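There are 2 protein chains.
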Amino acid sequence: MTTLRVPVVEKILSANDRLAEQNRARLDQCGIFGLNIMAAPGAGKTSTILRTIEALSSGTPGSPIALGVVEGDTAAVTIDADKIIAAGRPAVQINTGGECHIDAVMLSGALNQLPLDQIELLIVENVGNLICPAAFSLGTHANVLISSVAEGDDKPYKYPNIYRGIDALIINKIDLLPYVEYNLDYFRRGVELLNPGVLTFPLSCRTGEGVERWVEWLLRKVKRET
Amino acid sequence: MTTLRVPVVEKILSANDRLAEQNRARLDQCGIFGLNIMAAPGAGKTSTILRTIEALSSGTPGSPIALGVVEGDTAAVTIDADKIIAAGRPAVQINTGGECHIDAVMLSGALNQLPLDQIELLIVENVGNLICPAAFSLGTHANVLISSVAEGDDKPYKYPNIYRGIDALIINKIDLLPYVEYNLDYFRRGVELLNPGVLTFPLSCRTGEGVERWVEWLLRKVKRET
Chain A
1 MTTLRVPVVE KILSANDRLA EQNRARLDQC GIFGLNIMAA PGAGKTSTIL RTIEALSSGT
61 PGSPIALGVV EGDTAAVTID ADKIIAAGRP AVQINTGGEC HIDAVMLSGA LNQLPLDQIE
121 LLIVENVGNL ICPAAFSLGT HANVLISSVA EGDDKPYKYP NIYRGIDALI INKIDLLPYV
181 EYNLDYFRRG VELLNPGVLT FPLSCRTGEG VERWVEWLLR KVKRET
Chain B
1 MTTLRVPVVE KILSANDRLA EQNRARLDQC GIFGLNIMAA PGAGKTSTIL RTIEALSSGT
61 PGSPIALGVV EGDTAAVTID ADKIIAAGRP AVQINTGGEC HIDAVMLSGA LNQLPLDQIE
121 LLIVENVGNL ICPAAFSLGT HANVLISSVA EGDDKPYKYP NIYRGIDALI INKIDLLPYV
181 EYNLDYFRRG VELLNPGVLT FPLSCRTGEG VERWVEWLLR KVKRET
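Protein chains in written order, with the working numbering: chain A, 1 to 226; chain B, 1 to 226.
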């Protein structure tokens with residue numbers, strides 16, 4: 001008589017995924033909403049964070065929000081982290097030492113440097129790159145991509161992976177629309193194919209147009225209202 | 001009596017570097033000048049190539065130049081290669097399958113698909129990325145980086161590695177200068193720290209301003225005049 005063996009299928013998590021789960025648990029334990037912001041170089045990640053800080057410091061109903069930032073950079077320069085600190089919020093820099101993305105291990109180290117008990121919203125600014133960051137979970141609660149209209153309307157078609165995994169999409173620099181060749185419908189069709197129904201927030205960090213709607217969405221996430 | 005051993009120091013080449021050398025030898029054998037163009041997503045790599053094709057097809061003294069293009073993409077879409085073919089030049093696409101750069105192996109495969117005996121200038125459009133492509137030699141004769149003014153003036157400080165290894169720098173989208181916050185002196189100082197004396201070509205692919213000077217430099221390279 002042969003014994004039937006029931007195959008046990010388990011999702012084998014990579015070391016990164018396991019650490020991402022630990023980061024998530026740690027954020028949850030502290031009541032922190034974690035946001036991972038990805039974009040190409042110069043799309044406006046830091047500008048978006050500064051606008052978000054501004055809105056969440058006053059004026060917006062439900063604010064102020066206690067907020068901390070992790071800045072991912074490939075080099076030792078602290079240009080972005082300095083801007084966050086100048087805006088009065090705690091910031092930690094991850095210098096990836098030339099690496100093209102942040103991973104869960106790096107974020108775990110950064111969390112040790114932040115006053116987690118004083119933070120409600122943690123924003124992680126990933127390295128400027130449309131390819132590699134998409135492959136590494138961090139343990140944050142939402143992934144947001146920023147695409148600048150100056151980059152052109154074909155980016156979803158050319159860098160599809162990063163558009164697939166996001167929870168919201170910011171279309172930045174809409175103040176430049178009169179000066180660039182950009183077909184918003186073509187862009188949106190590309191996004192829709194990859195990530196049907198994903199929320200988009202067209203805005204301009206320069207003029208402030210559209211920032212309010214983005215911040216309202218983020219605030220509902222932080223307050224766990226959606 | 002002891003025998004003195006003379007230590008032999010050899011540069012150990014990586015597999016990629018060895019293949020890059022083979023690519024270089026192959027290009028040299030065919031009398032082809034190979035150009036590797038790198039940039040962040042949406043900085044204007046394809047637009048620059050199209051402007052270059054236009055200039056080298058007629059008008060510019062020394063043209064027409066027989067030109068072929070290798071298009072590096074992370075996905076199967078042939079948007080850029082189609083544009084090159086529509087401009088009447090042979091193009092081969094490398095689909096990196098999600099990889100963040102082209103390497104010498106991929107280029108070697110692409111060379112097999114091109115009519116090398118009919119080409120004087122081979123332009124390789126690398127994957128849109130300011131980090132990973134800097135680490136992989138291809139065997140081309142010159143590396144050129146395109147930086148768009150819409151990306152901001154702090155990119156040399158934030159992505160230093162890619163600025164170190166280049167032979168020329170194109171500053172694209174100068175038509176947008178009136179509409180963005182961009183300090184050209186600050187940008188240039190950053191570049192100068194990393195790559196003293198590197199040639200820069202401010203231009204606009206949209207208006208055509210500055211393209212002539214870039215093409216003249218490239219043409220001298222192709223003709224081995226410098």
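The reader is advised that the hints may include incorrect statements.
[Stated by the list, open to error] Pair ranges (Cβ atoms, derived):
id	chain 1	residue 1	chain 2	residue 2	range
1	B	E225	A	G88	40 to 50 Å
2	B	R189	A	R189	19 to 29 Å
3	B	G208	A	R189	28 to 38 Å
4	B	T226	A	E181	43 to 53 Å
5	A	N161	B	V198	26 to 36 Å
6	B	A142	A	T78	47 to 57 Å
[What the hints assert, rightly or not] Over the 10 Å line for every Cβ pair with chain B, so calculated as not near, a few chain A residues:
id	residue
7	S63
8	E181
9	D185
10	R220
Just so you know, these hints were derived from the structure itself, not from any lab.
Nothing here was measured: the structure is a model prediction, and the numbers come from that model.
From the three backbone atoms N, C-alpha and C, an ideal C-beta is built for every residue, glycine too.
Here is how each hint holds up against the structure:
| no. | hint | in the structure |
| --- | --- | --- |
| 1 | B:E225 x A:G88: 40 to 50 Å | violated (57 Å) |
| 2 | B:R189 x A:R189: 19 to 29 Å | violated (42 Å) |
| 3 | B:G208 x A:R189: 28 to 38 Å | holds (30 Å) |
| 4 | B:T226 x A:E181: 43 to 53 Å | violated (34 Å) |
| 5 | A:N161 x B:V198: 26 to 36 Å | holds (33 Å) |
| 6 | B:A142 x A:T78: 47 to 57 Å | violated (33 Å) |
| 7 | S63 | holds (26 Å) |
| 8 | E181 | violated (7 Å) |
| 9 | D185 | holds (16 Å) |
| 10 | R220 | holds (30 Å) |
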